[in-house]
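Peer 1: Residue numbers (my numbering), protein chains in the order written: chain W, 8 to 346; chain X, 7 to 124; chain C, 59 to 448.
Mixed in with the good hints, there may be bad ones.
Said to hold, decoys possible - Simulated pairs of lysine-lysine, DSS-like, Cα-Cα distance not exceeding 25 Å:
no., chain 1, residue 1, chain 2, residue 2
1, X, K39, W, K321
2, W, K325, C, K255
3, W, K321, C, K258
4, W, K69, X, K39
5, W, K73, X, K39
6, W, K69, X, K44
7, X, K39, W, K345
8, X, K65, W, K345
9, X, K65, W, K325
10, W, K321, C, K265
11, W, K321, X, K118
12, W, K73, X, K44
13, C, K93, X, K65
14, X, K117, C, K255
15, W, K325, X, K91
16, C, K93, W, K325
17, X, K118, W, K325
18, C, K255, X, K65
Stated by the list, open to error - Residues from chain C that keep clear of chain X, each with C-beta distances beyond 12 Å, as calculated:
no., residue
19, I67
20, G70
21, P74
22, L82
23, D87
24, I146
25, R190
26, E193
27, P222
28, S295
29, E354
30, Y382
As the list claims (entries may be wrong) - To spell it out: a stretch of chain X is covered by chain W in this simulated footprint if at least three of its residues, at any positions, have a beta carbon under 8 Å from a beta carbon of chain W; those stretches are:
no., segment
31, 18 to 31
32, 38 to 51
33, 66 to 77
34, 86 to 94
35, 98 to 109
Keep in mind the hints are simulated off the structure, nothing from the lab.
In this text the structure is predicted, and so the values were computed from the model without any measurement.
The beta carbon of each residue, even a glycine, is placed where N, CA and C say it ideally should be.
Residues per chain, in single letters:
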Amino acid sequence: MQVFYFLIETIIKCVVVFACLMLSVAYLTWLERKVLGHIQIRFGPNRCGPFGLLQPFSDGIKAFFKEDLIPGSADKPVFVLAPMIAIISAISMFAVIPFGNQFTLPGTDYVVKLRIADIDIGLLYVFGIASLGEFGIVLGGWASGNKYGLTGSLRAAAQMISYEVALGLSIVGVILLSQSLRLTEIVALQAGGFWHWNIIYQPAAFVFFIVCALAEINRTPFDMPEAESELACGFNIEYSSMKFALFFMAEYAHMITVASIAVTLFLGGWQAPLPFLEFIPGVFWFGAKVFILIFFFIWQRGTFPRLRYDQIMKFGWKVLFELTLINILITAFVMLLKG
Amino acid sequence: MLIDYLPILFYVAIAIFFACFAILASHLLGQRKPTRLKEAPYECGMNTYGSSFRRVPIKYYIIAMLFLLFDIEVVFLYPWAVIFKELKMFGFISMAIFLAILIIAYIYIWKKGALEWE
Amino acid sequence: MAETRLMTINMGPQHPATHGVLRLVLELDGEIIVKATPHIGHLHRGVEKLAEARTYHQIIPLTDRLDYTNAMGNNLAYVLAVEKLLGIEVPKRAQYLRVMMAELQRLAAHLIWLGTHALDIGAMTLLFYNFREREEILRIFEEVAGGRLTPTYLRIGGVAKDLPEGIEGKIRSFVNAFPDHMKEYETLLTKNVIWLKRTKGVGIISKEDAINWGVTGPTLRGSGVKWDVRKAFPYSSYDEFEFDIPTGSTGDVYDRYYVRLREMEWSNSIVRQALDRLPKGPIMADDPKVALPPKEMVLTDIASLIRHFKIVSEGITPPRGEVYASVEASKGELGFYIVSDGSNRPLRMRIRPPSFLNLSALPKMIEGGLIADVISAIGSIDIVLGEIDR
Numbered sequence: 008m009q010v011f012y013f014l015i016e017t018i019i020k021c022v023v024v025f026a027c028l029m030l031s032v033a034y035l036t037w038l039e040r041k042v043l044g045h046i047q048i049r050f051g052p053n054r055c056g057p058f059g060l061l062q063p064f065s066d067g068i069k070a071f072f073k074e075d076l077i078p079g080s081a082d083k084p085v086f087v088l089a090p091m092i093a094i095i096s097a098i099s100m101f102a103v104i105p106f107g108n109q110f111t112l113p114g115t116d117y118v119v120k121l122r123i124a125d126i127d128i129g130l131l132y133v134f135g136i137a138s139l140g141e142f143g144i145v146l147g148g149w150a151s152g153n154k155y156g157l158t159g160s161l162r163a164a165a166q167m168i169s170y171e172v173a174l175g176l177s178i179v180g181v182i183l184l185s186q187s188l189r190l191t192e193i194v195a196l197q198a199g200g201f202w203h204w205n206i207i208y209q210p211a212a213f214v215f216f217i218v219c220a221l222a223e224i225n226r227t228p229f230d231m232p233e234a235e236s237e238l239a240c241g242f243n244i245e246y247s248s249m250k251f252a253l254f255f256m257a258e259y260a261h262m263i264t265v266a267s268i269a270v271t272l273f274l275g276g277w278q279a280p281l282p283f284l285e286f287i288p289g290v291f292w293f294g295a296k297v298f299i300l301i302f303f304f305i306w307q308r309g310t311f312p313r314l315r316y317d318q319i320m321k322f323g324w325k326v327l328f329e330l331t332l333i334n335i336l337i338t339a340f341v342m343l344l345k346g
Numbered sequence: 007m008l009i010d011y012l013p014i015l016f017y018v019a020i021a022i023f024f025a026c027f028a029i030l031a032s033h034l035l036g037q038r039k040p041t042r043l044k045e046a047p048y049e050c051g052m053n054t055y056g057s058s059f060r061r062v063p064i065k066y067y068i069i070a071m072l073f074l075l076f077d078i079e080v081v082f083l084y085p086w087a088v089i090f091k092e093l094k095m096f097g098f099i100s101m102a103i104f105l106a107i108l109i110i111a112y113i114y115i116w117k118k119g120a121l122e123w124e
Numbered sequence: 059m060a061e062t063r064l065m066t067i068n069m070g071p072q073h074p075a076t077h078g079v080l081r082l083v084l085e086l087d088g089e090i091i092v093k094a095t096p097h098i099g100h101l102h103r104g105v106e107k108l109a110e111a112r113t114y115h116q117i118i119p120l121t122d123r124l125d126y127t128n129a130m131g132n133n134l135a136y137v138l139a140v141e142k143l144l145g146i147e148v149p150k151r152a153q154y155l156r157v158m159m160a161e162l163q164r165l166a167a168h169l170i171w172l173g174t175h176a177l178d179i180g181a182m183t184l185l186f187y188n189f190r191e192r193e194e195i196l197r198i199f200e201e202v203a204g205g206r207l208t209p210t211y212l213r214i215g216g217v218a219k220d221l222p223e224g225i226e227g228k229i230r231s232f233v234n235a236f237p238d239h240m241k242e243y244e245t246l247l248t249k250n251v252i253w254l255k256r257t258k259g260v261g262i263i264s265k266e267d268a269i270n271w272g273v274t275g276p277t278l279r280g281s282g283v284k285w286d287v288r289k290a291f292p293y294s295s296y297d298e299f300e301f302d303i304p305t306g307s308t309g310d311v312y313d314r315y316y317v318r319l320r321e322m323e324w325s326n327s328i329v330r331q332a333l334d335r336l337p338k339g340p341i342m343a344d345d346p347k348v349a350l351p352p353k354e355m356v357l358t359d360i361a362s363l364i365r366h367f368k369i370v371s372e373g374i375t376p377p378r379g380e381v382y383a384s385v386e387a388s389k390g391e392l393g394f395y396i397v398s399d400g401s402n403r404p405l406r407m408r409i410r411p412p413s414f415l416n417l418s419a420l421p422k423m424i425e426g427g428l429i430a431d432v433i434s435a436i437g438s439i440d441i442v443l444g445e446i447d448r
């Protein structure tokens with residue numbers, strides 16, 4: 008019976024989380040256009056529904072009905088597979104993130120924990136899947152049979168793997184503190200107010216993580232693989248219809264996931280910032296924190312110019328790599344002193 | 007233990023289903039009237055010179071090799087970090103030695119110019 | 059075909075950052091430019107040939123469409139050439155109005171340049187701020203001339219009409235507000251680390267090279283040459299205005315950016331000076347063979363009606379001869395060379411577009427750089443293909 012309930016719970020949770028994630032992705036595209044619009048003294052989408060709220064659906068429906076072009080010079084199977092890899096990995100990354108506390112079903116003593124899976128190598132899973140996601144972009148650009156696409160995917164490959172090293176190193180400090188790769192434990196250790204959050208102990212690591220994360224999700228100022236003014240859209244230059252939409256959604260889903268990981272590792276996950284605010288459900292706090300990070304991503308897209316490719320590579324290897332290593336050594340050393 | 011991974015399996019299955027559904031649905035719903043010009047690779051409106059599947063500059067391979075090297079280092083750091091509190095001084099010194107060796111390699115590739123782009 | 063190490067790639071004509079329809083054929087080694095060849099002609103309309111079949115007045119609208127961001131400046135260069143041919147003196151008020159409009163147009167042109175240049179480098183917000191100010195300038199043009207992008211305001215011997223009621227206040231409020239807007243732009247870019255990284259030491263052209271390639275305008279001044287047609291050969295009373303020629307030192311993208319920003323400040327100041335000291339008087343030269351009679355005279359007086367009809371249908375007939383006149387347009391020295399055979403149409407008209415010569419120096423700037431540098435260099439020389447292809 009227990010197994011049966013577990014299965015039911017899992018299926019419901021998976022479907023709900025998937026639906027919520029997709030809805031967030033849809034409204035993230037709306038939010039980005041709206042916020043960018045207001046930064047740039049214009050309105051953003053405001054024709055489909057009130058405040059343009061139906062715009063994402065209009066875009067989605069349009070994407071389904073657009074002509075599905077596969078260029079003659081493309082490597083067809085890889086060309087079709089690439090956007091699928093991108094979206095699958097972007098969605099799957101969310102599976103281990105605890106997005107809220109547990110609650111008891113009313114009328115029963117059945118406890119529902121607000122996360123899909125709680126595995127002991129949660130962080131490794133996240134980074135493993137994130138690396139898979141890079142294949143989507145790299146293969147997509149390469150399989151297009153287009154030189155701009157090829158250049159974009161080469162850039163993507165070099166940039167993403169370079170920053171993955173620094174990204175991996177930047178969170179070692181957090182692992183040192185929490186002695187676990189299990190995300191639920193990392194969150195549990197940050198309970199009891201914002202002064203227990205990891206960002207207080209690891210502020211530098213948080214900054215490194217955000218910088219690397221921006222490079223991983225290809226946002227300005229690191230949007231090299233796309234760089235529309237240089238490569239005319241780079242890796243997705245030949246994509247149209249739903250295949251393009253999948254890349255697009257993958258990018259935004261990736262953004263949400265990366266923000267969620269940053270929240271989980273550094274900003275206390277679903278924990279309330281002050282103890283007396285704990286009566287508000289953790290899901291709300293989680294959403295609010297993710298929103299703030301995402302707003303920051305959008306904001307800096309409206310502000311900064313784009314860096315040059317070689318500068319990004321140099322910054323990743325020569326600056327971030329060293330700084331993250333130093334951060335680890337200092338953290339370990341301080342922990343030794345404190346016993 | 008392994009049952010912990012079952013939800014992930016479900017979840018990934020949903021993701022895969024969604025991806026397949028999206029590709030298939032747009033394939034069925036969208037019109038398809040391919041012409042030779044439409045199928046040509048986009049190169050700013052001009053005919054493309056030669057093939058796009060070509061040899062890639064060695065630079066990118068070097069970066070890939072560096073990534074392999076240093077990402078393995080990261081993977082070693084994770085278990086070390088998890089049990090660092092139990093290892094105490096021994097853990098710190100052994101990791102310091104490990105990192106020192108890597109740093110020597112890192113300085114070497116820096117001096118060799120593998121991190122330069124011009 | 060044997061595969062070479064180099065990858066040849068078309069950048070443009072259909073590319074978001076080649077400012078219209080410029081086509082660059084790049085030979086790449088990885089991302090490094092080994093050779094760059096600009097191909098032009100996608101916007102060729104044959105303006106010089108068209109001019110041979112039109113009377114002198116009918117050519118003015120054609121010049122609007124050369125560098126469509128700088129219509130007033132183009133008008134000015136052309137009418138100066140014809141006036142030189144005719145040997146007529148333009149009244150002071152008309153000269154001041156011309157200066158005022160040309161400088162407002164320079165501001166508008168530089169605003170477009172700044173917005174698109176920043177957009178090319180990835181800072182997309184600035185474009186909208188720039189277009190907000192440009193819109194005000196275009197509204198002023200609309201009230202003054204009736205047209206926005208192609209106002210065709212200048213006439214041979216003067217300007218089309220005097221300033222309408224109340225426009226001076228609008229121009230003054232724009233001029234007063236503009237320095238604050240400049241501060242906004244500079245906050246976003248001038249000291250931004252990423253902007254500096256993308257523009258400093260990129261797309262360098264030395265002083266000697268710039269002179270040898272015939273580069274003019276802010277692109278030349280960015281390399282440290284203090285040369286401005288407004289100072290060197292003052293026309294249209296420019297010698298009565300106070301302004302400086304800003305120059306750069308290294309000739310990189312940043313210097314050209316900086317020079318243009320300072321130039322905008324000076325343009326703003328010139329507009330203010332022209333507004334303060336705007337003389338009273340006629341706006342057309344008093345030459346019955348060139349200037350149209352006033353409208354009420356045409357409607358009441360038969361001699362004026364005949365004169366109006368003759369000028370409109372037959373046009374003006376300058377004496378035989380050749381003439382060259384140039385102005386400092388927003389992109390550089392814009393010159394018109396007109397050969398007259400004594401008829402009412404030019405025998406040959408040749409335009410010296412600044413963008414064409416500036417573009418010819420582009421390969422010099424970008425070879426050895428990266429793809430991203432091509433974009434910043436193209437943005438920094440501020441080309442308009444309408445003028446290059448003519």
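Peer 1: Does each hint hold? Answer for all of them.
Peer 2: Verification of the supplied hints:
Only pairs whose Cα atoms come within 25 Å are accepted, and K39 (chain X) paired with K321 (chain W) is rejected, the gap being roughly 46 Å. With a C-alpha separation of about 16 Å, the suggested pairing of K325 (chain W) with K255 (chain C) holds against the 25 Å cut-off. Distance check on the hinted pair: K321 (chain W) and K258 (chain C) sit about 17 Å apart at the alpha-carbon level, within 25 Å; holds. At roughly 17 Å between alpha-carbon atoms, K69 (chain W) and K39 (chain X) fall within 25 Å of each other, so this suggested pair holds.
Of the pairs offered as hints, the one joining K73 (chain W) and K39 (chain X) holds, with about 11 Å between alpha carbons and a cut-off of 25 Å not exceeded. In summary, the hint linking K69 (chain W) to K44 (chain X) is supported, as the alpha carbons are separated by about 19 Å, within the 25 Å threshold. Proposed proximity of K39 (chain X) and K345 (chain W) is contradicted: the alpha carbons are some 70 Å apart, above 25 Å. Restraint check for K65 (chain X) and K345 (chain W): the C-alpha separation of about 44 Å exceeds 25 Å, so the hint is violated.
Of the pairs offered as hints, the one joining K65 (chain X) and K325 (chain W) holds, with about 16 Å between alpha carbons and a cut-off of 25 Å not exceeded. For a cut-off of 25 Å, the pair hint linking K321 (chain W) to K265 (chain C) is broken: about 31 Å separates their Cα positions. Restraint check for K321 (chain W) and K118 (chain X): the C-alpha separation of about 14 Å stays at or below 25 Å, so the hint holds. A hinted pair counts as satisfied when its Cα atoms are at most 25 Å apart, and K73 (chain W) with K44 (chain X) qualifies at roughly 14 Å.
Distance restraint check for K93 (chain C) and K65 (chain X): the Cα-Cα separation of roughly 20 Å lies within the 25 Å cut-off, and the hinted pair is therefore satisfied. As the CA atoms of K117 (chain X) and K255 (chain C) are separated by approximately 23 Å, the hinted pair is consistent with the 25 Å bound. Distance hint between K325 (chain W) and K91 (chain X) is unfulfilled; the C-alpha atoms sit about 30 Å from each other, more than 25 Å. Using a Cα cut-off of 25 Å, the hinted pair K93 (chain C) and K325 (chain W) is violated, with the two alpha carbons roughly 30 Å apart.
Pair hint K118 (chain X) plus K325 (chain W) holds up; C-alpha atoms about 13 Å apart against a cutoff of 25 Å. At most 25 Å may separate the alpha-carbon atoms for a hinted pair to count; K255 (chain C) and K65 (chain X) meet this at roughly 22 Å. The non-interface label for I67 (chain C) is inconsistent with chain X: the shortest C-beta to C-beta separation is roughly 7 Å, within 12 Å. The Cβ of G70 (chain C) sits about 5 Å from the closest Cβ of chain X, inside the 12 Å cut-off, so the non-interface label is violated.
Against the 12 Å criterion, P74 (chain C) falls within the reach of chain X, whose nearest CB is about 9 Å from its own CB. Non-interface call for L82 (chain C) relative to chain X: violated, since the shortest CB-CB distance, roughly 9 Å, does not exceed 12 Å. Here D87 (chain C) does not stay apart from chain X, with its beta-carbon only about 7 Å from theirs, under the 12 Å limit. With a closest Cβ-Cβ approach of about 47 Å to chain X, I146 (chain C) is found to remain outside the 12 Å limit, as its non-interface label requires.
Non-interface call for R190 (chain C) relative to chain X: holds, since the shortest CB-CB distance, roughly 30 Å, exceeds 12 Å. Non-interface status of E193 (chain C) relative to chain X is upheld: no Cβ of that chain comes within 12 Å, the nearest being about 30 Å off. With a least CB separation of 44 Å from chain X, P222 (chain C) remains clear of the 12 Å interface cut-off, as annotated. With a minimum CB-CB distance of about 45 Å to chain X, S295 (chain C) clears the 12 Å threshold, and the non-interface call stands.
Remark: the non-interface label on E354 (chain C) is consistent with the geometry, its nearest Cβ contact in chain X lying 54 Å away (cut-off 12 Å). At roughly 37 Å, the least C-beta separation between Y382 (chain C) and chain X is larger than 12 Å, which holds for a residue marked as non-interface. Residues of the segment 18 to 31 of chain X with a Cβ under 8 Å from some Cβ of chain W number 10, which satisfies the need for three, so the listed coverage holds. For the segment 38 to 51 of chain X, the stated coverage by chain W holds: 11 residues have a C-beta nearer than 8 Å to a C-beta of that chain, and at least 3 were required.
Only when three residues or more bring their CB closer than 8 Å to a CB of chain W does the claim for the segment 66 to 77 of chain X stand; here the count is 7, and the claim holds. Counting residues of the segment 86 to 94 of chain X whose C-beta sits closer than 8 Å to any C-beta of chain W gives 6, which meets the bar of three, so the coverage hint holds. Using a Cβ-Cβ cut-off of 8 Å, 5 residues of the segment 98 to 109 of chain X lie near chain W, which meets the minimum of three, so the contact claim holds.
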